[in-house]
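Chemist: This is what each chain is made of:
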Amino acid sequence: MKKDEAIASETVEALEARMPFRFPREMVVGLLVLAAAWQVLSLFVPPFIVPGWERIFKSLVTLRMDFVLVTLARVVAALVVSFALGLGLAVLMYSSTPIERYGRPLVRLLMAVPVVCWILFAVLWFRWVEFRIAFVLVVVCAPVFLVDILDAMRGVSRDLRDMLRSFRPTRAQLFTKLVLPATLPAMLTSWKINLSLAIRVVTIAELVGAVTGIGYGLVVAQELFSVAEVFAWTLILVVLLFVAEAVLTRVEERVLRWRV
Amino acid sequence: MKGAGAIEVTGLRKVFHQTGTGEAVVALERLDFRVEQGEMIAIVGQTGCGKSTFLNLLIGLDRPTEGRIAVGGRAPYDDFDHFRGILAAVFQQDRLLPWRTAIDNVRLPLELLGRQPDEQLGRARAWLERLGLGRFERAYPHELSGGMRQRVALARAFVIEPTLLLADEAFGHLDEVTAAALRQTFVELARTEGTTAVLVTHQLEEAIDMGGRVLVFGRPGRLLADIDVRAWPATAVAALRADIQRMLQDNTGDPRLPRPAKERA
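Just so you know, the protein sequences line up as chains A and B, in that order.
115 is the number of the first residue of the first sequence in our numbering; add one for each residue after it.
-9 is the number of the first residue of the second sequence in our numbering; add one for each residue after it.
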């Protein structure tokens, strides 16, 4: 086998070896150690402060699982809308420098407003609960998508740009053949960031006025002073985030298999 | 098309202004020469002598400050779109799109030209085969060695059968053996296809090995000599090399050297 061929076949094998699922041993061990420490702590602290796993699991089975689906649906719908909005505005700002010059400070302003303030605005401005929640999620996540995507578009290698321009593409071709695919890794990273952000924000948004969802479940648990239930909901939120991130990571591995 | 790949350079000047200070930096100083259709030239010079600036003007990525550069009578910057499917370039780094496989990189210019998918694939595959990469058409750039990637870049340039082919330090970063092999491939393909070829290099050996015309650039961006290597007997090439080297070191022209080129004209 020639040297060139050897290099190519080696790297193909290395790439394939990376693709199959790898059991996250370190993470599982870490979580088990934490769970054990928690259980030990629960033996020395009253259950209304640190409930043991038995109490948490008992609460867990009584929780309304449809609330999880409702929260998840809210998060996914809001992220899709935020992504579309962020991408659209990023393309607009990318293609027009004046729009970017005027738009950037406004986006920074939006990003500087605390989530709690957005929730209060939503309560004051809108009557429909679903709209309130969607508004808060979109106003928090869309600017993150916008900034990440716009920065990635601006960061496309000048060498690659010149290479493609030497073949005389149209503006649309330059965008679809170069800018968009080059921005894909940043888009996926932004999805990961926003997913974690959205799951945390939706819970807070659901605390205000919602009668479904995990946030509402937490309010009810607090009103009943059921610490075990609060922990059970928290556990579900954490698992939800882990699963969603794992799914995104798998998508990333598939879509970005060309990366070294 | 007769003369479509002929390059005319008249009083070409390029001045950049430094960001911040606004100070003018002359990159090219009144260049005048002509390259005939199907001719092969190498531009040699030290770093900072304006070789890449010249190439960017030729590709049409930049506009001359003064004078004119024309290919087949058209200015690459002003008539930018006219050069669709006419001009192709190979760069120092392969500049392959990392998310595309070898074959998808090669077919890219044909996609831009709006060719049918079957034609794109057929021609891209044929060029990969021709450059010895038939087995690697599904490989991503990071799975290929530097030499293989540069061959893919060559295939990508040749796949549109350009009238004018430009190479900017295209083989300089490769090992000597790979560079020599690729250079030979480049020259052979350009000759077979009847393409006007411009190779920009800082390596004198590479310029002379091309076996065509050598334009020696001095600082700042001026033509020190225009030499037709073919007009020099093989026994005198070593002396020619030494003379060009001295010329580059002194940054002055040598009245003896352009003579063979003039005689040819």
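Just so you know, the hints here were simulated from the structure itself, not pulled from any lab data.
Glycine is no exception: its CB is placed at the ideal position from the N, C-alpha and C atoms.
A couple of the hints might just be wrong.
[Unchecked claim] Here are the in silico distance ranges between beta carbons for each label pair:
1) A:Gly269 / B:Ala226: 50 to 58 Å
2) B:Glu166 / A:Arg275: 29 to 37 Å
3) A:Ser209 / B:Ala229: 54 to 62 Å
Chemist: Next, verify each hint and record whether it holds.
Modeler: Right, here's what the structure says about each hint:
1. A:Gly269 / B:Ala226: 50 to 58 Å: 51 Å, holds
2. B:Glu166 / A:Arg275: 29 to 37 Å: Given range 29 to 37 Å: holds, Cβ gap about 31 Å.
3. A:Ser209 / B:Ala229: 54 to 62 Å: 57 Å, holds
Of the numbered hints listed earlier, not one is contradicted by the structure.
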